[in-house]
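Peer 1: Generate coordinates for the entire structure from the input sequences, incorporating the hints supplied.
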Amino acid sequence: MRRYLVRRLLHALVVLFLLSIIVFVIARLSGSPADVMLPIDAKPAERAAVTHRFGLDRPWPIQYWKFVRHAVHGDFGTSTRFQAPALRLVIDRAPASIELALAAVFLALLIGIPLGVVAALKRGTAVDHAATAVTAVAQATPTFWLGIVLILWFGVSLHVLPLSGKNGISSFILPAVTLCVVPLVGIARLTRSSVISVLPQDYVRAARAKGLHERSVVWRYVLRNALLPIVTITGITLGQLLSGAVIVEQIFAWPGIGRLAIDAIQARDYPVVQTVTIVSASLFIVINIVVDLVYMRLDPRIRQRMLART
Amino acid sequence: MHRLDSQWFFWAAVASGLSLLVISATPAAGAPAAPATPSVAAAPPAGTAVVAQPSDATGMDPALSRDVPTRNILRHLYDPLFQRLGSRQVKDANGPDNFKPVLALRWKRVKPATWRFWLRPNVKFSDGGLFTADSVVYNMDRLLGKVAGTPAGLATLNSFSTLAGAKKISRYVVDISTTAPDPLILGRLANFPLVSDHVEASTLASSPDGTGPYRLQTWDRNNQVVLQAKPAYFLGKPKISTVVFRPIPDAGARNAALLAGDADLVTNVAPDSVPQLKSSKNATVKVVNSTREGVFCLDAINNPVLGKVQVRQAINYAVDVNTIIKQVLGGYAVRTATLVPSFFTGYDAAVKPYPYNPTRAKQLLAQAGYANGFTMRMMAPTNFGLDVPQAIAGYLGAVGIKVNIEPMDFPSFVRATQNGHKLDDSCYASLTNPLFDPGPELDTLVRSGSTALSWYANATMDSLLTAANRTVVSKVRNKILARIQNLMHDEATHLFLYNLKNIYGVSKRLNWNPRRDELIYMYDASLKK
Chain A
1 MRRYLVRRLL HALVVLFLLS IIVFVIARLS GSPADVMLPI DAKPAERAAV
51 THRFGLDRPW PIQYWKFVRH AVHGDFGTST RFQAPALRLV IDRAPASIEL
101 ALAAVFLALL IGIPLGVVAA LKRGTAVDHA ATAVTAVAQA TPTFWLGIVL
151 ILWFGVSLHV LPLSGKNGIS SFILPAVTLC VVPLVGIARL TRSSVISVLP
201 QDYVRAARAK GLHERSVVWR YVLRNALLPI VTITGITLGQ LLSGAVIVEQ
251 IFAWPGIGRL AIDAIQARDY PVVQTVTIVS ASLFIVINIV VDLVYMRLDP
301 RIRQRMLART
Chain B
1 MHRLDSQWFF WAAVASGLSL LVISATPAAG APAAPATPSV AAAPPAGTAV
51 VAQPSDATGM DPALSRDVPT RNILRHLYDP LFQRLGSRQV KDANGPDNFK
101 PVLALRWKRV KPATWRFWLR PNVKFSDGGL FTADSVVYNM DRLLGKVAGT
151 PAGLATLNSF STLAGAKKIS RYVVDISTTA PDPLILGRLA NFPLVSDHVE
201 ASTLASSPDG TGPYRLQTWD RNNQVVLQAK PAYFLGKPKI STVVFRPIPD
251 AGARNAALLA GDADLVTNVA PDSVPQLKSS KNATVKVVNS TREGVFCLDA
301 INNPVLGKVQ VRQAINYAVD VNTIIKQVLG GYAVRTATLV PSFFTGYDAA
351 VKPYPYNPTR AKQLLAQAGY ANGFTMRMMA PTNFGLDVPQ AIAGYLGAVG
401 IKVNIEPMDF PSFVRATQNG HKLDDSCYAS LTNPLFDPGP ELDTLVRSGS
451 TALSWYANAT MDSLLTAANR TVVSKVRNKI LARIQNLMHD EATHLFLYNL
501 KNIYGVSKRL NWNPRRDELI YMYDASLKK
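Protein chains in written order, with our numbering: chain A, 1 to 310; chain B, 1 to 529.
Just so you know, the hints here were simulated from the structure itself, not pulled from any lab data.
It cannot be assumed that every hint is accurate.
Label-pair ranges, simulated between beta-carbon atoms [as the list claims (entries may be wrong)]:
(1) T51(A) / S342(B): 36 to 46 angstroms
(2) S170(A) / S342(B): 19 to 29 angstroms
(3) V25(A) / Q327(B): 16 to 26 angstroms
(4) Q240(A) / N122(B): 53 to 63 angstroms
Computed footprint of chain B on chain A, listed as stretches where at least three residues anywhere in the stretch have a Cβ under 8 angstroms from a Cβ of chain B [what the hints assert, rightly or not]:
(5) 74-83
(6) 86-97
(7) 154-161
One-sided excerpt, in silico: chain B residues whose CB lies under 7 angstroms from chain A [stated by the list, open to error]:
(8) N222
(9) P249
(10) D250
Ideal Cβ positions, reconstructed from N, Cα and C, are used throughout, including at glycine.
Peer 2: Rendered as structure tokens:
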């Protein structure tokens, strides 16, 4: 197991290294922070001075080497827009994105799994058709529209929930509900098809033949074996949401890294763009490793296969 | 154990989710408690006003952060030497009578390029240090890059390209000089809040230190800035004890906050939202002519077709600007004959806008040798919107000028136009000018060789601009500015458009009036009882 984890971490370092080069180059191809910081009538000498101040007039390999040398010590540079350490800015905002992502995934699992199980158990009936219709409508609903509608209903008309910002548990509700819809649909559908594929299995029939209550059959035999693909999609979804749910953060003025990333891109704030990308990628990698570990826990056959490859 | 795995997984996830939500709702140990700002079904607490803007402050150092939302916040923490009087229409917007004393009590020109300021005594910064002539000298030295560790380019960033320096005369008297007589220096100083000279400048970005009527209570980045009134402010305690600035990027969400009573003042309201806000029972709308101009630049230097004055005049005749204002902007703009709003210094009412006359446009095109029209490109930065560029393209297409619109983000537009100073034939932009004087804007737009937004060359225009920039006698200067406007109109240097109006959503419990310079200054506001 230790060798497996070390191998995964080495892979992760290679991925992060390649990613850092890609984002470094792309950021610099998009323009200079001097274009955004200075008034449009700034003289060429002043633009050159600002470019020199940020070290952007040096050759790219030298700039990259300097970035790497500092990054390994935890210094990802200073934000050209906020005049603050880029890593500090990202770390300050990451919890808001993590909390929102976890809340959204939690809601998606809480509603999606039971919905999928019920639809699978009542396959072909009105309940199944209703569940399918609900997920189809949910999938077709644009996130930004849903967010605005929830704000108008619950924030303006009923005035029972906060409209924007992060200020207590109640402020999570509207953005988490808006954000959970897309993953909820995926989880519900995958649960349904996964449960349908497990239901005809011999061990399920054997459990029923033993006289076990249907709830026990579903929990202990059906769902446990149907969980593997759901674990995968949960991990992928969490990774995507952790990199910043930009639209939801914009609508609800949520102080997360999605908004930070958008503002940094528009301001050509290279240090923050690079830091957000690397931090988001790191979180994604960690989640993937956790998902694989959970896999191994749930299914010993997968554990044996993965460890055999190490 | 295996039989319990699925239940274990599910309930572990549920428990983790609940724990995390509880933990996240609990303030971190040692963190300052946020003040009681409204969260559910309640207006802001008594004595608190909430302002919703599109973005958060980028920093707390006024010399480094010049965007409007940051400027609105920092004006409450720092003071300038004096402040421009509200919206009063005056002939010389930067004359000495157009400002009210703040940190300076009176001012007088002592030499053509030097002003003397008598400062208010016994004013303290938040750190307890005294504001004196040394403080003014320090701030001017920062602009000129003379203070160690100061970033380059601060003078340009803060519109002080003519600044020569400051000299202490006595403890509360200081001279500020420019490189040549500058008719706008008072306006520039009115827009520049002063920082303390008793602390390290590098700390100001996160720990503001000024003489302003409020102090920073908390800055929860990208969530809210909370300002608390100073009871001992030298001009009197503010009427609103707590001001909260909340960044809400989405315009619909800002309006919703106002309608729900969670915000008292929202900015950047779109014209099509006005009916909804006006019909609400707890909010209204306030509109003011801003200093923002819609500008359509033409490359008369590199494009031989646009280099012909008949073609440029034809473009002006071809576009029905009044209909664009009515249909696209909802009526929230005022037609301008050139690029000078009616309330700017030197405005010449005798210069009339080009009338909409597509027949005349076609005649002029034929005279210029383009009876069948021609094709041109238009750069359209998306932050200024694409509705107006599309409307302009439609009108030009009707007279035979085919326009290919090139949407791009603003940094790409700056890069494209400043790198080699190239323009793809034309562009639409929106410029703001907090000095209420056309001089700086015209320098940007019609001076030859300008690296900004000028693709026009005329030696007579250059001479007039130089004379206007150096003349401090307002009667003489106004005559020069009138000549410039006439020349611009006759030469059709641009497609002349409009001056925009700013729309604000205001709670009915707030007594507040908008300013033309877009500054939101809650010291002048109060809450109804």
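Peer 1: Tell me the hint numbers this structure goes against, listed in increasing order.
Peer 2: Hints 2, 3 contradicted; others consistent.
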